[in-house]
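Residue numbers (my numbering), protein chains in the order written: chain A, 1 to 164; chain B, 165 to 351.
A portion of the hints provided could be inaccurate.
To be verified - 25 Å max Cα-Cα, derived DMTMM-like pairs, lysine to aspartate or glutamate:
hint, chain 1, residue 1, chain 2, residue 2
1, B, Lys257, B, Asp268
2, B, Lys224, A, Asp8
3, A, Lys33, B, Asp271
4, A, Lys107, A, Glu96
5, B, Lys350, B, Glu261
6, A, Lys99, B, Asp268
7, B, Lys223, A, Glu96
8, B, Lys223, A, Asp8
9, B, Lys257, B, Asp271
10, B, Lys350, A, Glu96
11, B, Lys214, A, Glu10
12, B, Lys223, A, Glu101
Calculated from the structure, these hints are not laboratory results.
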Amino acid sequence: MQEPINTDFEVRSQNAMCVNQSELSSPLSSNIKYLLAGIVFGIVLIKAEVIAWFRIQEMFRLQSFHMYGVIGSAVVVGAISVYLIKRFQLKTIEGESIKIEEKNFSKGQIFGGLLFGFGWAMTGACPGPLFAQIGTGALVVIVTLLSAMAGTWVYGFVREKLPH
Amino acid sequence: MPEWILKPWPWYVAGPLIGLTVPLLLLLGNRTFGISSSLRHVCAACLPAKIPFFTYDWKKEIWNLFFVAGVLLGGILAANFLIDTTPMVVHPKLASEMATYGIDNYDGLIPSQVFNWPALLTARGFVLMVVGGFLVGFGTRYAGGCTSGHSIMGLSNLQWPSLVATCCFMAGGFIMANLILPFLLKL
Chain A
1 MQEPINTDFE VRSQNAMCVN QSELSSPLSS NIKYLLAGIV FGIVLIKAEV IAWFRIQEMF
61 RLQSFHMYGV IGSAVVVGAI SVYLIKRFQL KTIEGESIKI EEKNFSKGQI FGGLLFGFGW
121 AMTGACPGPL FAQIGTGALV VIVTLLSAMA GTWVYGFVRE KLPH
Chain B
165 MPEWILKPWP WYVAGPLIGL TVPLLLLLGN RTFGISSSLR HVCAACLPAK IPFFTYDWKK
225 EIWNLFFVAG VLLGGILAAN FLIDTTPMVV HPKLASEMAT YGIDNYDGLI PSQVFNWPAL
285 LTARGFVLMV VGGFLVGFGT RYAGGCTSGH SIMGLSNLQW PSLVATCCFM AGGFIMANLI
345 LPFLLKL
């Protein structure tokens, strides 16, 4: 017997932090709000120099507090927000209850985490900053982004053979 | 444009704004913050090749592609209208280390002496851009998230696997920057 349908969410949530938890189906134009959120996020990445290769080098050499301050204060604000959302059972603007998937441990967080750390120090960018770097006009970073897509694809290709 | 906008923003302004992305996306539509998944959705959309990991309805996650398109647009806006042209100020120790690799131009956020088209054909440029990019894409998916998904969203939701991932991101970065990169930059 084949597995029943509706495994789509299971596949999508494999190895993913960001999953669309919404059950509502909405028109494509409703996504404009995420475009706007992305614009603000991109501006902040640039203004805070989070996308700067030299700032990343300083972080990994303990020569500057800046990046630790950015990430640390982001986590504090994020954690307080998530606590308040849960505490007051806030709903989305469309009236849906907010769900956040729990994360399961896998060895991938260690092996993959180290590999990503290598790549972060080499390129000076995590995935978000790659997009913002291209926006600043550093078009050669398109090559880095395409290579990152290739890396993601190869991961999917060899996934079954890797320890998890 | 007022000067405080044009100058680089301090961490205590930028960090909280980044943190607010978490509740913003949840309240806008139950979306959990994360960026590296966009790379996977592109694979699922363009080249699924019957690989189970890419066989899902990526259109259900299209919000994520809108978000990264926004990040790109934000980069264009900020770079053209919201920054001044003063060179970056970096730690003197970093500057003297970089000088030994022939890197002394601090005009842009991305050092043009390392990241440029002709450099792609050199060993140093190829390794940093192509191999580095590959590791970002492979590593984040293997880890199940990147700095945004694990370090910001995951830690905000007090997920201990995200703490493990974040520690490994940092460990990998420290090893690369201090032990391996000095050799790569001399290539």
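Each hint tested on the structure:
Distance restraint check for Lys257(B) and Asp268(B): the Cα-Cα separation of roughly 13 Å lies within the 25 Å cut-off, and the hinted pair is therefore satisfied. Between the alpha carbons of Lys224(B) and Asp8(A) the distance comes to roughly 10 Å, so the proposed pair stays at or under 25 Å and holds. About 33 Å separates the Cα atoms of Lys33(A) and Asp271(B), which puts this hinted pair outside 25 Å; it is violated. With a CA separation close to 34 Å, the supplied pair Lys107(A) and Glu96(A) exceeds the 25 Å bound.
With a CA separation close to 11 Å, the supplied pair Lys350(B) and Glu261(B) stays within the 25 Å bound. Restraint check for Lys99(A) and Asp268(B): the C-alpha separation of about 48 Å exceeds 25 Å, so the hint is violated. In summary, the hint linking Lys223(B) to Glu96(A) is supported, as the alpha carbons are separated by about 20 Å, within the 25 Å threshold. For the proposed pair Lys223(B) and Asp8(A), the alpha carbon gap of about 11 Å is at most 25 Å, so the pair holds.
A distance of roughly 18 Å separates the Cα atoms of Lys257(B) and Asp271(B); the hinted pair therefore holds under the 25 Å criterion. At roughly 54 Å between alpha-carbon atoms, Lys350(B) and Glu96(A) are farther apart than 25 Å, so this suggested pair is violated. Using a Cα cut-off of 25 Å, the hinted pair Lys214(B) and Glu10(A) holds, with the two alpha carbons roughly 17 Å apart. For the proposed pair Lys223(B) and Glu101(A), the alpha carbon gap of about 20 Å is at most 25 Å, so the pair holds.
In this structure, the earlier hints numbered 3, 4, 6, 10 are contradicted, and the remaining ones agree with it.
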